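Participant: Residues per chain, in single letters:
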Amino acid sequence: MAEKIGVYVCHCGTNIAQTVDCKSVVDYASGLPNVAVAREYQYMCSDPGQELIKNDIREVGLTRVVVASCSPLMHEPTFRRAVEEAGLNQFLFQMANIREQCSWISENREMATERAKAIVGAAVKRVIFQEPLEVKKVPVNPDVLVVGGGITGIEAALQIADSGKKVYLVEREPTIGGYMARFDKTFPTLDCAACILTPKMVSVGQHPNIELLSYSDVTGFSGYVGNFTAQIRKRSKYVEEEKCNGCGLCTEKCPVSVPSEFECGLGKRKAIYRPFPQAVPNIPVIDRDHCLYFTKGVCKVCVKFCPRGAIDFDQKETYLDLQVGTAILATGFDLFDASKVKQYGYGRLPNVITSLEFERMSHASGPTAGKILLKNGQMPTSVAILHCIGSRDQNNNEYCSRVCCMYSMKIAHLVHEKTGARVYEFYIDLRAFGKGYEEFYKRVLQEETIFIRGKAAEVTDVPQTPAEKGKLVVVAEDTLLGIVRRIPVDMVVLSVGFEPRKDVADVARIFSITRSQDGFFLEKHPKLAPVSTASDGIFVAGACQGPKDIPDSVAQGAAAAANALSLIDRKEVTLEPTVAVIDEESCSGCKICLGLCPYNAITFDETKKVSVVNDALCKGCGVCVAACPSGAIEQRNFTDDQLLAEVEAVCA
Amino acid sequence: MANPKAAFYWASSCGGCEIAVLELGTNLLDISKKVDIVFWPVALDFKYSDVESMPEKSIDVCFFNGAIQTSENEHMAKLLREKSKILVAFGACAYGGGIPALANTTSREQILMRVYKETPTTDNPNGILPQTKVEVAEGVLTIPEFYNTVRTLGQTVDVDYYVPGCPPVAEQVWSVMKDIVGGNLPPKGSVIGASEKSLCDECKRIKGDRKIKKIVRTHQVIPDTENCLLDQGIICMGPATRGGCGAECLKSNMPCRGCYGPVPGVLDQGAKMLSALSSNFDADNEEDARRIADGVVDPIGTFYRYSLARSLLRRAKA
Amino acid sequence: MAELKSNFEPKIVGFLCKWCAYTGADLAGTSRIKYPPNVNPIRVMCSGRVDPVLVLKALAAGADGVLIAGCHPGDCHYTSGNVKTIRRFKLLQKMLDQFRIEKGRVRLEWVSASEGERYARVVETMTEDIRTLGPLNWNLRKEA
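Protein chains in written order, with our numbering: chain A, 1 to 652; chain B, 1 to 318; chain C, 1 to 144.
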């Protein structure tokens, strides 16, 4: 039976029309078999554009529709909806991408037009073989998984929990708080990070709707939007959470002292420890690599002194499965390893420190009780802050890390305040883009910070003049003056950039999401969907999506929460029906397909001696379809007939 | 009423399909009572000129086996098509090209060189190659032209039915003959005398997990008789081959070689088997995949042994 | 003959997986990167959907080359779809060698969703290589 296909060629303003001769494509389409009507229009996605289609469906009785315009990843849902509203099944529609993969990539009008015709011809041929399909509706589990308990994860968790929904907050460290818990003051307001963070941390710890799983990892994640299963591993703290009252006596009495990760190795902690005093949960954990009981079988002082008998050396890891409807990844970032840039002497020259080490020194409860000190215990009289360490650098990370200019200026301010030292900032460009940021820069300028426009080339302790003896000399080209300068200082602070977490690839794999060129998680759309991912139901927020400051992280945390809540409130979501279907009559029971499904969606029916696909588990990859030697498996909307039609049309 | 007229012809073939007819045994005597055989070069003395003088469509059914490799094959295919009401492509060669179609991996020149010059036992000091015509004292002698590309019967003339197999098994031949002689005709173009599913449906072996770590050849191992050969690393074309033969090869502990052609609906038997087999290679990276793939010593010969002429690519590049 | 070759516009069929390669190809367009428009894109959900039958069909129907592009190993949206693609491709390459179809004509490439530039370069390189190899014209060869 002949079909009646409507073909609509969009100009997209000049985006397509400038390069592709749309009239020529319309003429070509009109001549194709089964095409009943072919039109062109300025903006097919607009209301009048969509009306054209709907009208033709009603008046001409179209049975298939092809729109040649932008990428289906852009407007397929738009046109599918329009088609459905006019009474035609949405899967009897096909898009021909003549913009992103045609008009935008070529300057040759003739070739682009020929190419557009081939693409439209393929879509016209394919759509004939398409069949009406029904989307599947599935319920949405209202529980939410938030991975990462830094400021972003905390914000997302609180927003969702306050709305009445249940949140599982999984945090890898013994405490929530993330990097922000290690900062001293935050720009541009100079708020004390702990002061604004800890009340939120306490809220999380006390919230009836938040189940906090600290010292835990996500080891597996499966399912589909609205119906995910997360596998969690709770590591052993060797302290029973229900019994411990957070008195801290064990941490006082423990005889073992090791460098503290929280203090960047500048301070110490015990083998049984809390990362910092305001930790939430306020439960210490035992580091079994250094605990005398675990390494040598002796001591047990903590057991002796614990008033609640909360120490349990036999505690085992536990595993649990969580059923959730959505997940928000707020796993944060790591800092660039400054030892990679040997020219700055980090790790070799004393008094070359990173910005985070500075934060810990400046912090009132840090290793130096808030004093800025050199390794010899004295205060510096001059400090250099080197911008862009590891960033905007072809040899390391090409991207700009966004926050370093501002935190460098904050560091400059703190140095002035606490030591009165001379401060030099070596920069390439100054990025003070946010609210109050430019004003802060002005303030730091007024404090007589000296800004030298030139990325530091090296830091050396080899003096060339008597003034440089005993100092660290920063060598940089001052590009505004046009000369190379050597500035002797007491202390050098390296403004290191943000990087994705070391295990970002593993996390991406677990959640089946992709990453951008810079390694951070890839958002669905950089402008219009910055917290969604290509995987429905999985959101990203905060620095794990790209370097950003606290205000932006909080905004994204809240945005991800809103996205999740929106999904939950819909109560049900639709699934693409592009699943695999096995024709029982054709299946010969060869079992070639059984082992190929990553979701174990194929089982064998021993009575009928055929393979069967469970379409609740099938995600529609099509691997089994390609492997079946009988051609007994078809993928809905990606059948062999449809793909062969495209191939034939394109090769003709 | 006159008996229906039948003809049998062999083009580029081995003669096995003729033997398949003989294997009907005493049933053949029954047939000869109900049917007039008007042309059967292997058994009866009719000449080409006898066929040429027959009226159009006077033969009720012609069973044509063998592929089309020479001008004589082509001439007879066209002639018998003209003279027959029903033309049946009988056997793997007529259906898919069969073994002769493996000539499509090479060229006419290379074949002639090999046969007439290069083989060690050939004594041809003057390097004479066959010519289509030669002048002798008595006149001009001609032999048919030898084609570069082997084709199937269906690629040469319009075919009514296909009976697959190398050769088709006796039971199937008998049932086909009964159907046709009895006027019980399926839709034109059907494959008959075979099942509609792959061989795995008939094979009694136990199908395991299909994880292929290494490919072994039939001379390297004696397979066990209970389990599927694929699971033992031996390439069995069964999953991609139409059934109906009773899996006789498997019962003799040898793998299916694919002689019944592709499963209904499949465009290209060899590519489908390649996909099914390699999908299950126990390899997660390019190196391991290549290592296992190297175990397939002759992909075309393995996957397209009987169906090269009918495949998508049909022949190797010259 | 050389002149004919340089005027020849290769016709390449591209099977692009929706999650990575197709999105990456879109990104190339959004970034207005200019590259030869010789690859005709056919969207599939996963490179694992690409049946060797489709590849051979493309060559037999007149394509000069076939590109299969999917997610980088380890990043497949469906976990291991691209692993099956690798398995099939290696054996397919071996068989294409027997058919004497030049190695550069059928390629498997990994392009992630953020690799617009890479996609453009892959297409550019493949187009030029096939331009040098010349048209495949399988239609003429199969009856030769």
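Read the hints as simulated data drawn from the structure, not as lab findings.
All values reported here derive from a predicted model rather than from experimental measurement.
You may find that some hints are simply not true.
Said to hold, decoys possible - What the simulated footprint calls covered on chain C by chain B, stretch by stretch (three residues with Cβ under 8 Å from a Cβ of chain B suffice, anywhere in the stretch; the number is not a length): (1) 18–29; (2) 50–58; (3) 83–92; (4) 123–132.
Note that the Cβ used here is the ideal one computed from N, Cα and C, for glycine as well.
Participant: Going back to the hint list, which numbers does this structure go against?
Facilitator: Hints 1 and 4 are the ones this structure does not satisfy, whereas the remaining hints hold.
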